[in-house]
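Student: Given these sequences and hints, build the entire structure.
So the sequences go chain by chain: A and B. Position 40 of the first sequence, counting from 1, maps to 40 under my numbering, and the rest follow consecutively. Position 16 of the second sequence, counting from 1, maps to 16 under my numbering, and the rest follow consecutively.
Bear in mind the hints are in silico, worked out from the structure with no lab data behind them. In this text the structure is predicted, and so the values were computed from the model without any measurement. Wrong hints could be hidden among the right ones.
[Unchecked claim] Derived lysine to any residue pairs resembling SDA-like cross-links, with alpha carbons at most 20 Å apart:
#1 A/K152 / A/V353
#2 B/K2 / A/K246
#3 B/K2 / A/T352
#4 B/K2 / A/I176
#5 A/K156 / B/M1
#6 B/K2 / A/K209
#7 A/K209 / B/Y21
#8 A/K209 / B/L20
#9 B/K2 / A/G365
#10 B/K2 / A/G363
#11 A/K246 / A/I378
#12 A/K156 / B/V9
#13 A/K161 / A/Q35
#14 A/K209 / B/G17
#15 A/K161 / B/M4
#16 A/K152 / A/G312
#17 A/K209 / B/A25
#18 A/K209 / B/A37
#19 A/K161 / B/M1
#20 A/K209 / B/F8
#21 A/K161 / B/G17
#22 A/K386 / A/K190
#23 B/K2 / A/Y359
#24 A/K161 / B/L40
#25 B/K2 / A/I226
#26 B/K2 / A/E164
#27 A/K209 / B/F27
#28 B/K2 / A/A162
#29 A/K209 / B/F5
#30 A/K260 / A/A134
#31 A/K161 / B/V9
#32 B/K2 / A/G357
#33 A/K161 / B/F5
#34 A/K209 / B/S29
#35 B/K2 / A/I378
#36 A/K190 / A/L302
[What the hints assert, rightly or not] Computed footprint of chain A on chain B; a stretch qualifies when at least three of its residues, placed anywhere within it, have a C-beta under 8 Å from a C-beta of chain A:
#37 1-13
#38 18-27
In this text, a Cβ means the ideal position worked out from N, Cα and C, and glycines have one as well.
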Amino acid sequence: MLRALIALMLTVSFITTANAQDGAAPDREATGGAQTLEDIMARQRGEEVDNSFRSDATGDPDSAAGIASQLGTLGGASDPELWRGLRFGSADITASNNGPAATTLIQDGGMRWLQFREGPLLHYGGYLLFFTFAALVMFLLIRGRIRIDGEKTGRKITRFKAVERFGHWLLAGSFILLGITGLVSLFGRKVLIPAFGHETFSVLALGSKWIHNNVSWAFILGLIMIFVMWVLHNLPDRTDLHWLRKGGGIFSDGHPPAKKFNAGQKLIFWSVIVLGASISASGVALLFPFEINMFAATFAKLNSLGISEAFGLGQLRETLAPHEEMQYAQLWHAIVSFVLMAIIFAHIYIGTVGMEGAYDAMGSGEVEEQWAREHHSIWAEEELAKAKDAPESATPAE
Amino acid sequence: MKAMFAAFVAIALIAVGSNLYLSQAGFSSQDRASSPAVRLDN
Chain A
1 MLRALIALML TVSFITTANA QDGAAPDREA TGGAQTLEDI MARQRGEEVD
51 NSFRSDATGD PDSAAGIASQ LGTLGGASDP ELWRGLRFGS ADITASNNGP
101 AATTLIQDGG MRWLQFREGP LLHYGGYLLF FTFAALVMFL LIRGRIRIDG
151 EKTGRKITRF KAVERFGHWL LAGSFILLGI TGLVSLFGRK VLIPAFGHET
201 FSVLALGSKW IHNNVSWAFI LGLIMIFVMW VLHNLPDRTD LHWLRKGGGI
251 FSDGHPPAKK FNAGQKLIFW SVIVLGASIS ASGVALLFPF EINMFAATFA
301 KLNSLGISEA FGLGQLRETL APHEEMQYAQ LWHAIVSFVL MAIIFAHIYI
351 GTVGMEGAYD AMGSGEVEEQ WAREHHSIWA EEELAKAKDA PESATPAE
Chain B
1 MKAMFAAFVA IALIAVGSNL YLSQAGFSSQ DRASSPAVRL DN
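Tutor: Below you can see the structure in the form of structure tokens.
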């Protein structure tokens, strides 16, 4: 009882303190309402400072002095007030330049974007790729290559037709090019310029930009192709649950039954489709700057559905400067791309060094019958049954 | 392997083609950010 009472008292005292802090309006009398040393120090401590005392102080044209009076020609707004209007985006600006973002003269969010891009994005993105690669090397060392367990038959089953392999390689080839050139663009200023100098990076950056901008369409086409060709085979079903429960048989002796695609491959497929589509959308928005603005609308939806509140993000801003739309598109494009690159590392691993016989599926399109029986038993049975039926049905009826 | 090489050739062709098309499509910064009265390229 005493404990509960103490806990209650502590809670109440915390709430009271919090209220006291919230309620205390900073005293800016000494500076005539302008920001104080305490405001500057608070920002340096990383605290949130309510900027409305500045953003709202943009003058009052209605109470302007007469045009013939002292300062009357300023129209009720002093120079600092005019600059605040420009900085906080409330000034009414007319520009002779007819570009979509021409009336944004000061873009307040630019530094936050730059700092995030050069800091956490670059570091955590780099760590993600490095640790994924290291984990795969460790996995290979511990588990070793997954071999074909049974006796090889020497007989082949067609796993992927030429058009399927074409679509896969269109997507894969373009993704690798886009991944490398994207990393060159992202790591340029912080890593490549210090390492190789401006002259070398200039050539590298120009080439990367050309490849990244133009190869993107091949990626989008490949993405559409594999979606159309494989979506029906990738719908989840009951065999996937069994496959997942067995962990794909990766550490056990047995192979859980699977159709044309097992649950692991389905996860890869849907990751590629969903993340690839998201990367494509943000990429197209970046290719045509200021034409496609998706983030303000998305933030408004997240706010209205309460999703941003649920994740503790508060109310997201629903009005963004044109440049901020592009900055969010760039960050989203890079973050999602890092995630997809890490997933594709694993996909490349298991399709090449990780598993004996897997590469043939996308190389020649013909896989060893025993491999098919082990890794895609249900599909293999169906294909073999079809092959058995084919000559009979192909026999003329007469 | 033929399908793979065909896809790689297709990537190159799509890239060259899209560059030719997009540079004419009127979406360059110059086209978007200046009026016909502004002559930046001559």
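Student: Give a verdict on every hint.
Tutor: Evaluated hints:
no.: 1; hint: A/K152 / A/V353; verdict: holds, 19 Å
no.: 2; hint: B/K2 / A/K246; verdict: violated, 36 Å
no.: 3; hint: B/K2 / A/T352; verdict: holds, 18 Å
no.: 4; hint: B/K2 / A/I176; verdict: holds, 19 Å
no.: 5; hint: A/K156 / B/M1; verdict: holds, 16 Å
no.: 6; hint: B/K2 / A/K209; verdict: violated, 29 Å
no.: 7; hint: A/K209 / B/Y21; verdict: holds, 16 Å
no.: 8; hint: A/K209 / B/L20; verdict: holds, 15 Å
no.: 9; hint: B/K2 / A/G365; verdict: holds, 10 Å
no.: 10; hint: B/K2 / A/G363; verdict: holds, 9 Å
no.: 11; hint: A/K246 / A/I378; verdict: holds, 16 Å
no.: 12; hint: A/K156 / B/V9; verdict: violated, 28 Å
no.: 13; hint: A/K161 / A/Q35; verdict: violated, 69 Å
no.: 14; hint: A/K209 / B/G17; verdict: holds, 16 Å
no.: 15; hint: A/K161 / B/M4; verdict: holds, 12 Å
no.: 16; hint: A/K152 / A/G312; verdict: violated, 56 Å
no.: 17; hint: A/K209 / B/A25; verdict: holds, 18 Å
no.: 18; hint: A/K209 / B/A37; verdict: violated, 29 Å
no.: 19; hint: A/K161 / B/M1; verdict: holds, 12 Å
no.: 20; hint: A/K209 / B/F8; verdict: holds, 19 Å
no.: 21; hint: A/K161 / B/G17; verdict: violated, 27 Å
no.: 22; hint: A/K386 / A/K190; verdict: violated, 57 Å
no.: 23; hint: B/K2 / A/Y359; verdict: holds, 14 Å
no.: 24; hint: A/K161 / B/L40; verdict: violated, 51 Å
no.: 25; hint: B/K2 / A/I226; verdict: holds, 18 Å
no.: 26; hint: B/K2 / A/E164; verdict: holds, 12 Å
no.: 27; hint: A/K209 / B/F27; verdict: holds, 16 Å
no.: 28; hint: B/K2 / A/A162; verdict: holds, 8 Å
no.: 29; hint: A/K209 / B/F5; verdict: violated, 23 Å
no.: 30; hint: A/K260 / A/A134; verdict: violated, 30 Å
no.: 31; hint: A/K161 / B/V9; verdict: holds, 18 Å
no.: 32; hint: B/K2 / A/G357; verdict: holds, 18 Å
no.: 33; hint: A/K161 / B/F5; verdict: holds, 15 Å
no.: 34; hint: A/K209 / B/S29; verdict: holds, 15 Å
no.: 35; hint: B/K2 / A/I378; verdict: violated, 28 Å
no.: 36; hint: A/K190 / A/L302; verdict: violated, 34 Å
no.: 37; hint: 1-13; verdict: holds (count 9)
no.: 38; hint: 18-27; verdict: holds (count 4)
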